[in-house]
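Let the hints inform the model, and build the full structure from the sequences given.
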Amino acid sequence: MKTLLEISQLRVSFRQEEGAWREAVRGVSFTVPESGVVALVGESGSGKSVSSLAVMGLLPPRGSRIEAGSLIRFAGQDMLAMTPSQRRQLCGADISMVFQEPMSSLNPVFRAGDQVAEMLRLHEGMTRSQALERTRELFEEVGLPDPGQKLRSYPHMLSGGQQQRVMIAMAIACKPKLLIADEPTTALDVTIQRQILDLLADLRSRYQMALLFITHDLGVVSDIAEHVVVMRDGQVREQGPASEVLSAPKDAYTQALLACRPPLQGRPSRLPQVEDFLGAANGADFTGGKASEKQDVQTTHQRETVSLQEEPLSAGHQHGEPFVQAPLLQVLGLSKTFQIRQGLFGFRSFEALKKVTFSLKRGETLGVVGESGCGKTTLGLSLMRLQAPSGGKVLFDGIDLAALSETQWQAMRRRIQIVFQNPYASLNPRFTVAQILMEPMHIHGIGRNERERLDRAIGLMSQVGLPVDALNRYPHEFSGGQRQRIAIARCLALEPELLILDESVSALDVSVQAQVLNLLKDLQSTLGMAYLFISHDLAVVRYLSDRILVMNGGEVVEEGAADALFDGGKHHRYTERLLASIPGQHLRIQGNPI
Amino acid sequence: MRAATLFLGADKWGRSIALKVMKGAETSVLVGIAAALLATFIGTVLGAFAGYWGGWVDALIEWLYGVFTAIPYLLLVFAIAAVLQQKGVFTIILILGLTGWTGVYRLIRAEYLKHKVREYVLAAEAIGASHARRMFVHILPNVSHVILVQLSQQVVNFIKAEVILSFLGFGVPVDVVSWGSILNETPNELILGYGWQLMTCGLAMATLVTAFAMLTDALRDALDPRLK
Chain A
1 MKTLLEISQL RVSFRQEEGA WREAVRGVSF TVPESGVVAL VGESGSGKSV
51 SSLAVMGLLP PRGSRIEAGS LIRFAGQDML AMTPSQRRQL CGADISMVFQ
101 EPMSSLNPVF RAGDQVAEML RLHEGMTRSQ ALERTRELFE EVGLPDPGQK
151 LRSYPHMLSG GQQQRVMIAM AIACKPKLLI ADEPTTALDV TIQRQILDLL
201 ADLRSRYQMA LLFITHDLGV VSDIAEHVVV MRDGQVREQG PASEVLSAPK
251 DAYTQALLAC RPPLQGRPSR LPQVEDFLGA ANGADFTGGK ASEKQDVQTT
301 HQRETVSLQE EPLSAGHQHG EPFVQAPLLQ VLGLSKTFQI RQGLFGFRSF
351 EALKKVTFSL KRGETLGVVG ESGCGKTTLG LSLMRLQAPS GGKVLFDGID
401 LAALSETQWQ AMRRRIQIVF QNPYASLNPR FTVAQILMEP MHIHGIGRNE
451 RERLDRAIGL MSQVGLPVDA LNRYPHEFSG GQRQRIAIAR CLALEPELLI
501 LDESVSALDV SVQAQVLNLL KDLQSTLGMA YLFISHDLAV VRYLSDRILV
551 MNGGEVVEEG AADALFDGGK HHRYTERLLA SIPGQHLRIQ GNPI
Chain B
595 MRAATLFLGA DKWGRSIALK VMKGAETSVL VGIAAALLAT FIGTVLGAFA
645 GYWGGWVDAL IEWLYGVFTA IPYLLLVFAI AAVLQQKGVF TIILILGLTG
695 WTGVYRLIRA EYLKHKVREY VLAAEAIGAS HARRMFVHIL PNVSHVILVQ
745 LSQQVVNFIK AEVILSFLGF GVPVDVVSWG SILNETPNEL ILGYGWQLMT
795 CGLAMATLVT AFAMLTDALR DALDPRLK
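For the record, the sequence lines run as chains A and B.
Using the numbering used here, read the first sequence as starting at 1 and increasing by one per residue.
Using the numbering used here, read the second sequence as starting at 595 and increasing by one per residue.
Bear in mind the hints are in silico, worked out from the structure with no lab data behind them.
Check each hint, because a few of them may be wrong.
Here are the computed lysine to aspartate or glutamate pairs in the DMTMM-like style, where the Cα-Cα straight-line distance is at most 25 Å [to be verified]:
#1 B:Lys681 / B:Glu779
#2 A:Lys2 / A:Glu18
#3 A:Lys354 / A:Glu576
#4 B:Lys708 / A:Glu477
#5 B:Lys708 / A:Glu101
#6 B:Lys681 / B:Asp769
#7 A:Lys175 / A:Asp94
#8 A:Lys570 / A:Asp522
#9 B:Lys606 / B:Glu783
#10 A:Lys175 / A:Asp114
#11 B:Lys710 / A:Glu17
#12 A:Lys2 / A:Glu43
#13 B:Lys710 / A:Glu503
#14 A:Lys2 / A:Asp78
#15 B:Lys708 / A:Asp114
#16 A:Lys355 / A:Glu450
#17 A:Lys393 / A:Glu477
#18 A:Lys521 / A:Glu555
#19 B:Lys710 / A:Glu351
#20 A:Lys361 / A:Glu555
#21 A:Lys393 / B:Glu783
#22 A:Lys2 / A:Glu23
#23 A:Lys393 / A:Glu503
#24 B:Lys710 / A:Glu226
These numbers come from a predicted model, not from an experiment.
Structural data, given as structure tokens:
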């Protein structure tokens with residue numbers, strides 16, 4: 001097959017604050033054949049997005065530079081030697097790009113149809129009416145329902161999946177030879193992700209275009225790619241045909257990436273971590289030079305040998321054991337209705353929760369799974385009284401939470417805590433870690449004096465596997481995984497009996513996600529907390545939970561033991577749709593690489 | 595009017611401009627900073643309450659804001675001056691402070707609206723932090739950069755606003771020199787072609803304004819842990 005895009009020895013540097021230059025991409029080489037699909041895989045900071053931006057010429061002109069000796073060749077032309085205007089002609093017409101966030105890549109004040117038509121008018125020289133007519137065809141082609149009406153819709157009137165379809169329509173408008181898709185499905189729900197992946201595969205064969213697919217998700221890769229390039233720290237770790245790389249990876253890092261995803265079959269007692277594969281010395285630079293992320297491997301975790309072998313159910317923590325005590329948490333017919341303003345005076349009510357009922361025992365983990373808008377976050381917030389429910393009852397240890405006065409509730413708060421999704425947003429940037437950890441103790445009068453509270457904070461730090469000297473630092477100095485550990489430590493300061501984990505590992509890279517999941521398991525077995533684990537990721541929920549609640553449209557559609565959900569038996573229609581949408585199913589069935 | 599003995603010349607009564615500007619700085623800097631602190635304080639507190647609580651608290655404070663911005667500025671000054679019934683530096687500070695908080699209020703209210711739904715505030719509520727704690731310990735440091743920038747702008751505005759007050763007769767007493775009263779004298783001189791009093795005063799103001807802007811910028815950076 002002819003080579004369409006050739007990248008050779010690409011090196012890109014960014015200017016640091018001190019004026020020094022740091023290489024983010026260090027000698028990357030790969031090729032994209034005509035009408036082939038190449039996946040660029042890596043975690044955050046691996047340089048995969050920077051490489052693709054370099055191809056599009058979208059790197060910030062100041063503060064970044066492509067080093068001499070780099071080569072980007074598209075259809076035989078040297079792209080780095082082109083003038084900016086030549087390059088603009090090429091990008092957009094022959095190369096186009098789909099970004100991760102459809103909401104922020106569409107201009108909110110223009111109609112969807114006009115934005116696509118603009119592409120056609122610019123590159124194909126069409127008149128406005130011609131362009132709109134062609135846009136209509138494109139909308140039909142990308143599977144937008146009612147394309148005529150969607151032409152006149154503003155971006156906010158479309159759902160996330162529809163927005164991404166508009167972006168794709170825009171990208172294929174000029175029949176590009178190469179489509180670069182930078183995490184196009186990461187921001188979407190799993191069922192929508194499936195639709196978009198199918199659409200991309202379909203369009204590729206119809207238009208005979210090459211696809212450079214950038215993602216962190218190996219499952220997605222296995223579904224779509226023919227050729228895989230695994231990147232880490234700005235270098236290519238391994239590349240080759242997808243079937244080979246994914247089933248028999250040679251590089252230790254690729255093996256680690258494949259292994260640290262929670263598997264759909266079997267339930268290992270703990271997830272392997274990247275450090276297990278790369279060795280301590282190599283693992284250190286993984287978090288960008290901050291040594292603490294690997295420290296827990298050596299200090300707090302008394303690690304046994306890592307194995308992916310399935311353990312008998314009884315050997316894992318408490319799985320399958322019958323729970324005899326009274327439930328810790330009982331939710332009875334919980335409802336929540338939001339009033340949404342419509343028009344000038346009208347209101348429309350939206351039921352986020354419809355009579356949700358479940359119970360949770362001490363030391364147990366209940367997974368709540370569902371897509372965005374299914375009410376799972378509202379559920380978590382309602383339990384914390386961060387949102388007032390409109391109906392139903394929440395009994396915690398037999399006490400009705402809604403009936404408590406402010407003072408009684410303040411005391412109850414110690415027993416229920418919540419860890420939020422985004423560790424970048426949930427820590428006050430102006431507080432040091434010590435202040436963050438000691439604040440709940442102050443508020444609840446834990447510890448007799450500062451000294452005692454500080455001692456406890458030190459204890460918490462080692463409990464979550466962070467170095468003690470981190471206490472005087474601010475949140476921004478930590479990586480995402482470390483911040484999430486801090487957020488967990490803040491909750492632990494109050495010694496809760498129930499910890500609500502609201503998408504707490506969703507914002508993390510897979511390797512870091514494995515570390516945090518292991519930490520959560522360890523903490524549960526030592527502290528005996530109950531978890532309410534809310535997530536959209538079925539594999540992750542399944543890995544951590546004893547029982548699972550599947551939610552859709554504010555209702556519980558199915559409840560059952562975690563392992564039973566994946567046994568291939570009969571399930572609720574919606575659950576089956578969710579299960580079928582998980583990317584990379586055959587990848588997992590092929591078995592683990594080690 | 596230009597006396598050979600006087601550096602930078604003299605005004606029409608033969609007083610040294612250099613000395614006048616220096617003495618005037620005393621009053622102006624005091625008025626500017628004190629009034630700016632007062633206005634920023636009022637604006638911040640009202641903005642914090644309106645933005646954080648929303649609902650009827652917000653409606654009430656918004657109404658107050660509406661009243662203050664709806665009344666023409668000069669009328670408002672007259673009204674407050676009439677109530678205070680006396681002249682002097684303290685009165686000027688009160689007039690400027692009580693009328694100048696509206697801009698700060700709008701910005702701080704918007705910041706609080708934005709921050710109160712942030713996850714870190716929600717997290718603070720989850721661990722049981724009181725409303726006051728969330729408002730002033732958690733959110734306030736995160737919006738302090740807005741307050742500081744406003745503060746430095748207000749100082750400049752109020753030093754200039756003193757001119758208006760002097761012109762209206764609510765300025766400093768005749769025996770007190772301020773940059774406002776100096777600027778008040780300059781239009782008549784300019785007509786006669788004498789510009790040095792305006793120039794000297796202007797330079798002094800520019801220096802102070804620059805210095806104060808640098809001070810607040812440095813303060814902002816020093817308070818932001820991300821810039822350390």
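Hint-by-hint comparison with the structure:
1. Between lysine 681 of chain B and glutamate 779 of chain B the alpha-carbon distance is near 19 Å, which keeps this suggested pair within the 25 Å criterion.
2. Distance restraint check for lysine 2 of chain A and glutamate 18 of chain A: the Cα-Cα separation of roughly 44 Å exceeds the 25 Å cut-off, and the hinted pair is therefore not satisfied.
3. A distance of roughly 21 Å separates the Cα atoms of lysine 354 of chain A and glutamate 576 of chain A; the hinted pair therefore holds under the 25 Å criterion.
4. Annotation: proposed proximity of lysine 708 of chain B to glutamate 477 of chain A holds, straight-line Cα distance about 24 Å (limit 25 Å).
5. With a C-alpha separation of about 21 Å, the suggested pair lysine 708 of chain B and glutamate 101 of chain A falls inside the 25 Å cut-off, and the hint holds.
6. Between lysine 681 of chain B and aspartate 769 of chain B the alpha-carbon distance is near 12 Å, which keeps this suggested pair within the 25 Å criterion.
7. For the hint linking lysine 175 of chain A to aspartate 94 of chain A, the alpha-carbon distance of about 7 Å falls within 25 Å, and the restraint holds.
8. Simply put, lysine 570 of chain A and aspartate 522 of chain A have alpha-carbon atoms about 33 Å apart, too far for the 25 Å limit, and the pair is violated.
9. A threshold of 25 Å between alpha carbons decides the hint, and for lysine 606 of chain B with glutamate 783 of chain B the separation of about 9 Å falls inside it, so the pair holds.
10. For the given pair, lysine 175 of chain A sits about 18 Å from aspartate 114 of chain A by alpha-carbon distance, which is consistent with the 25 Å threshold.
11. Between lysine 710 of chain B and glutamate 17 of chain A, the direct Cα distance comes to roughly 31 Å. Violation of the 25 Å bound is thereby established for this hinted pair.
12. Restraint check for lysine 2 of chain A and glutamate 43 of chain A: not satisfied, since their Cα atoms lie roughly 30 Å apart, outside the 25 Å limit.
13. The hinted pair formed by lysine 710 of chain B and glutamate 503 of chain A meets the criterion: a straight-line CA distance of about 21 Å does not exceed 25 Å.
14. The suggested pairing of lysine 2 of chain A with aspartate 78 of chain A holds, with an alpha-carbon distance near 16 Å, which does not exceed 25 Å.
15. About 31 Å separates the Cα atoms of lysine 708 of chain B and aspartate 114 of chain A, which puts this hinted pair outside 25 Å; it is violated.
16. Simply put, lysine 355 of chain A and glutamate 450 of chain A have alpha-carbon atoms about 45 Å apart, too far for the 25 Å limit, and the pair is violated.
17. Between lysine 393 of chain A and glutamate 477 of chain A, the direct Cα distance comes to roughly 42 Å. Violation of the 25 Å bound is thereby established for this hinted pair.
18. A hinted pair counts as satisfied when its Cα atoms are at most 25 Å apart, and lysine 521 of chain A with glutamate 555 of chain A does not qualify at roughly 28 Å.
19. About 24 Å separates the Cα atoms of lysine 710 of chain B and glutamate 351 of chain A, which keeps this hinted pair within 25 Å; it holds.
20. Distance hint between lysine 361 of chain A and glutamate 555 of chain A is fulfilled; the C-alpha atoms sit about 21 Å from each other, no more than 25 Å.
21. Simply put, lysine 393 of chain A and glutamate 783 of chain B have alpha-carbon atoms about 79 Å apart, too far for the 25 Å limit, and the pair is violated.
22. With a C-alpha separation of about 31 Å, the suggested pair lysine 2 of chain A and glutamate 23 of chain A falls outside the 25 Å cut-off, and the hint is violated.
23. A distance of roughly 24 Å separates the Cα atoms of lysine 393 of chain A and glutamate 503 of chain A; the hinted pair therefore holds under the 25 Å criterion.
24. The straight-line distance between the Cα atoms of lysine 710 of chain B and glutamate 226 of chain A is roughly 47 Å, outside the 25 Å bound, and the hint therefore fails.
The structure fails to meet hints 2, 8, 11, 12, 15, 16, 17, 18, 21, 22 and 24 from the earlier list, while all remaining hints are met.
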